[in-house]
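Here is how the chains run, residue by residue.
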Amino acid sequence: MTGLLNDVMHDRADTLGAPDLDLDAIIVDGARRVRRRRVVTGLGAAAVAATVAVGGLAVPSLLRNVGDLGPAAPAFERGPAWALGSKVHVGTRVVDVGREVASFVQTDDGIVFTSPDSRVRLWDGARAETIGKAEGQRLRADDTGSLVAWVELAEDGHPQYVVFDTAERSEVARVDDQAAGASLEPSDGGAQVFAVDDGAAYWRHDADLVRYDVATGEETVVSDEVGEIVDVAASRVAYIVDGRGNHRWGIAARDRVDPTAVSLAEASNGFLSPDGRLLTAEEYDSIAVYATESRQDVTPKVEGYRYVVGFGWSADDVVTVMGLTDYSDESATGDVLSCDVSDDECTVVSSFEGLSPEAVVLDVGDPVT
Amino acid sequence: MPRDAERREAFAEFVAARSAALHRTAYLMVGEHALAQDLLQEALTKTYVAWPRLREVANAEAYTRKAITTTAISWWRRRSWHEKPHEALPDGADLRDAHDVSDTRAWVWAALQQLPPRQRAAVVLRYYEDLTEAQTAAAMGCAVGTVKSQVSTALRTLRTQLGDPSGPLPLDALVVTR
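From first to last, the protein sequence lines stand for chains A and B.
For what it's worth, the numbering used here labels the leading residue of the first sequence as 11, then goes sequentially.
For what it's worth, the numbering used here labels the leading residue of the second sequence as 1022, then goes sequentially.
Hint data in this document are derived by calculation from the structure and do not stem from the laboratory.
Owing to the predicted nature of the structure, the values given are computational and were not obtained by experimental measurement.
Quick reminder that beta carbons are idealized off the backbone N, C-alpha and C, glycines included.
Just some of the chain A residues that point at chain B, by a computed CB distance under 8 Å:
| no. | residue |
| --- | --- |
| 1 | LEU14 |
| 2 | LEU15 |
| 3 | ASN16 |
| 4 | VAL18 |
| 5 | ILE37 |
| 6 | ASP39 |
| 7 | GLY40 |
| 8 | ARG43 |
| 9 | VAL44 |
| 10 | TRP259 |
| 11 | SER278 |
| 12 | TYR294 |
| 13 | ASP295 |
Some chain B residues flagged as far from chain A (calculated, every beta-carbon gap over 12 Å):
| no. | residue |
| --- | --- |
| 14 | PRO1137 |
| 15 | PRO1138 |
| 16 | LYS1169 |
| 17 | SER1170 |
| 18 | THR1174 |
| 19 | THR1181 |
If you only want the chain B side, here are some residues facing chain A, beta carbon under 8 Å, derived:
| no. | residue |
| --- | --- |
| 20 | SER1040 |
| 21 | HIS1044 |
| 22 | LEU1061 |
| 23 | THR1066 |
The shape of chain B in the complex, shown without the other chains (with noise of 0.2 Å):
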C-alpha cells in the first residue's frame, strides 16, 4: 500500500477510536459544542501533520491532547474566544442559595467556564483527565510549577466564587486528589 495511503488508513482508525474522547476534552475546555468541534478539527489537523513522527497511538493522543490545550489557549489569546458568551453566574452568585444537587453542579459548570483558559485547562487536564503533574505539564507546554500554581489559583477562584470555605463546599469537598 502507498505510503500516504497507509498514513490515511491509520490515522482514520486513530480518529475512529479516539475522537469521542478527545471531543469531551475539547468541550471541557471551551465549554461550547461548536467550538469544542472546531477545536478537535483543528487538533487533528495539527496531529495528522505529525502522524509520522508519533510513531504508536498513545503518543498520537498526547499529541492531539497537547495540541488541544494549546490551541483553546491560543484562540483565547486572539480573542476568536474571549469574548463569546459563557454560561454566566448570576450577580451576588453563592453556593449558600444553592437548594438541591443539580443546583450546585450547575453553579460549579458556570464557575468552570469562568475561570481563564490556563486555569481551566489544568483543571481538565488534571482532574477529568486525572493525568499526573508532569503529565499535566507536558500537555500544558510549562513547567510543573505552572501547573501547581494554575490549579492551585483555579481551586481558591471556584472556592471563593461558591461560597465560604467553611460553608457547604469547602476545598476537599470540590477535589479529592491522589
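Excised from the complex, chain A in its bound form (with noise of 0.2 Å):
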C-alpha cells in the first residue's frame, strides 16, 4: 500500500538508530520469570525441601458427614487445592496424606497423588492406599466423578495407560500402548494421559490422539493432527494449534478438533471450566478467561497482585486463582482465590507467605519436576 501515512510512517521510523537492548537483562528477567512460572504451571525444575512459614493448620475435615448426603453427593468435599510438603490446602482447611506430595488431583472420593517415588495413592480422609505407580507423576482426573487416569510401564518397558475409579477402588481400565514406545514426554510423541471428561479418558495412541470410552472399551480417533490436547470438559475439547498460514499459535477449544481452528489464547497451558464454555490460561504473564464460543474476553479483575493466574475452576463460572503479592527466586507471598466470572467477584480461599517458588504443588495434575 502506498499512501501519506505509510509514507509518514516510513519516514519517521527509518530515522530510528539500533536499538540499545541489554540482552542479558532480558535474559536473566526472562529466566526469572519462567522460575516464578514454575510456580503455577508444574513445568519447573526440581523440586526442593520447603521451608514453611504458613498459618497453623486447621483440623482435617474434608469428609462429609455421610448422614447429612443425599445419595449422589460426593463423599468429598472439592475445592481449590494446593499441597505443600505432605500438607493439602483444600478451599479453606488443611490435611496431611502422611507423604510428600509430588503431583495430585481430587475426586469425588478423596486426594490421589503421587510421591517422589511416582507411587500414587488415594487418600480418603483417614488414610492413604497405594493405588499404582505414575511414571512421569502426571495424573488426570474429571470436574465431578471418581475417575483418575495416568501412564504406567509395564514389565517390558512399554506404557500402558490406567484408569482407577476411586469409587469402586478398582482399576478399571487398563490398556497397552505398545506402539508409543518408551518416551512419556508430549512433545516426543510419547504416552500421555491428557484428560478425563465424562466417564472417558483422552490419550495418545500411536500417533493419534484417541477418547476411550471407560464402559465400553470403545476407541475413537479425536484427532490425527493436532499434537497435544490440553483439556477437555463436557466433551469439547482445548488442544494445540501450531499457528499454520495466518493463525497465532496457541489453545482453541471446539466440540470438534479441527487443526486450523484460530486459536483462543496465546498459551500452552489451560483449564476448561466444567461446562465447557470458559477457558482459563496464562497469556502474556497474566491471568485470561475466555468464552469458548463468543471468543469472549471475560478474565475477571484480580486486583492487588504482582502476578495473577488461573489454574482450574470450582464451578461452572468460578475460576481458582492463584495471586502473588510478591515474589523472589526465594520466596513467594500471596494468596489462592476463588473469582467468579458472572459478577468479578474475588474471595481469598488461603494464604501462603514466604513459601519457597518451586516446593508449591497445585491440583493440576503434573509434578513440579
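Fit the two chains together into the complex; they arrive one by one in their own frames, and the hints show the way.
Written out as C-alpha cells, the structure reads:
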C-alpha cells in the first residue's frame, strides 16, 4: 500500500538507530519469570524442600458427614487446592496425607496423589492407600466423578494407560500402547493421558489422540493432526494449534478438533470450566479467561497482585486463581482465590507467605519436576 | 550444548536479526525513542519466556509484535505513558494552513500521536506492518470487526483533525488500502 500515512510512518521509523538493548538483562529477567511460572504450571525444575511459614493448620475435616448427604452427593468436598510437602490445602482446610506430594488431583472420593517415588495413592480422609505407579507423576481426573488416569510402564517397558475408579477402589481399564515407545514426553510423541471427561479418558495412541470410553472400552480417534490436548470438559476439547498459515499459535477449544482453528489464547497450558464454556490460561504473564463459543474475553479483575494466573475451576463460572503479592527466586507470598467470572467477585480461599516457589504443588496433576 | 545455552543462543540470534524492525514498530506505537526501547525490552523478555514453544522465527516475531502491541496498550491503561507529552497539534490545526510537504508530514505524525493507543496500534499494524485485518486482529488479540472499527475511527479522526475531507487531504490520499 502507498499513501501519505504510510510514507510518514516509514519516514519516522527510518530515522531510528539500532535499539540499545540489554540482552543479558532480558535473559536474566526472562529466566526469573520462567522460574516464577513454574510455581503455577508445574513445569519447573527439581522440587526442593520447603521452608514453610504458613499459618496454623486446620483440623482435617474434608470428609462430609455421609449421613447428611443424599445418595448422589460426593463423599469428599472438593475445593481450590495446593500442596506443600505432605500438607494439602483444600479450600480453607488443610490435611496431612502422610507423604510428600509430588502431584495431585481431586475426585469425589478424596485426593489422588503421587509421591517422589511415583507411587499413586488415594487419600480418603482417613488413610492413604497405594493404587498404582505413575510414570512422569502425571495424573488426570474429571471435574466430577471418581475416575483418575495415568501412565504406567509394564514389565517389558512399554507404556500402559491406567484408569482407576476411586468409588469402586479398583482399576477399571488398563490399555497397552505398544506403539508409543518408552518416551513419556508429550513433545516427543510419547504416551500421555491428557484428560478425563464424562466417563472417558483422552490419551495418545500411535500418532493419534483418542477418546477411550471406560464403560465400553471403545476407542475413537479425536484427531490425527494436532499434537496435544490441553483439557476436555463437557466434551469440548481444548488443544494446541500450531499457528499454521495466518493463524496464531495457542489453544483452541472446539467440540470437534480442527487443526486450522484460530486459537483462543496464546498459551500452552489452560483449563476448561466444567461446562466447557470458559477457558482460563496464562497469557502474556497474566490470567486470561475466554468464552469458548463467543471468544469474548471475560477475564475477571483481580487487583492487588503482582502476578495472577488461573489454574482450575470450582464451578462453571468460578475460576481458581493464584495471586502473588511478592515473589523472588527464594520465596513467594500470595493467595489462592475463587473468582466468579459472572460478577467479577473474588474471595481469598487461603494464603501463603515465604514459600519456596518451586515447592508448591497445585492440583493440576502435574509435578514440579 | 545444554538446553539453556541453546535457548540463549537461538534467542540472541533472533534479537540480532529482528530487533531493529521490531524497534521501529514499537516506536510508531508510542512515539518516543526511549519509551520504544523500554517497550521492546519488555516485549523481548516476554518472548524469551515463551521461546521454547515458539519453535520458528516467524512465530517468535509475531509473538513479539503482539507483546509490543498489548504491552503498549496496557501501559497506557496504567497511565504510565498516557500523560507523557506528545507532539501536539497547535490550536486551530488545519492542514490547509500547511505550506509544504514537510509541514504536511509533521501534521500527520502529530495527529497520529494523538490517536488512542488501540487505534494507533491498529493503524501501525495495518499500514506500516502491512498486515491483513486477520493478522492485525491476531496481533491485537481482538476480533477482525474490532480492527475494522478501530481503523475506521482512527482514519475518520485523522481526516477530521487534518482538515476538511474535501480539502487537500481526502481519505483516499491518506491511505490506499489493498
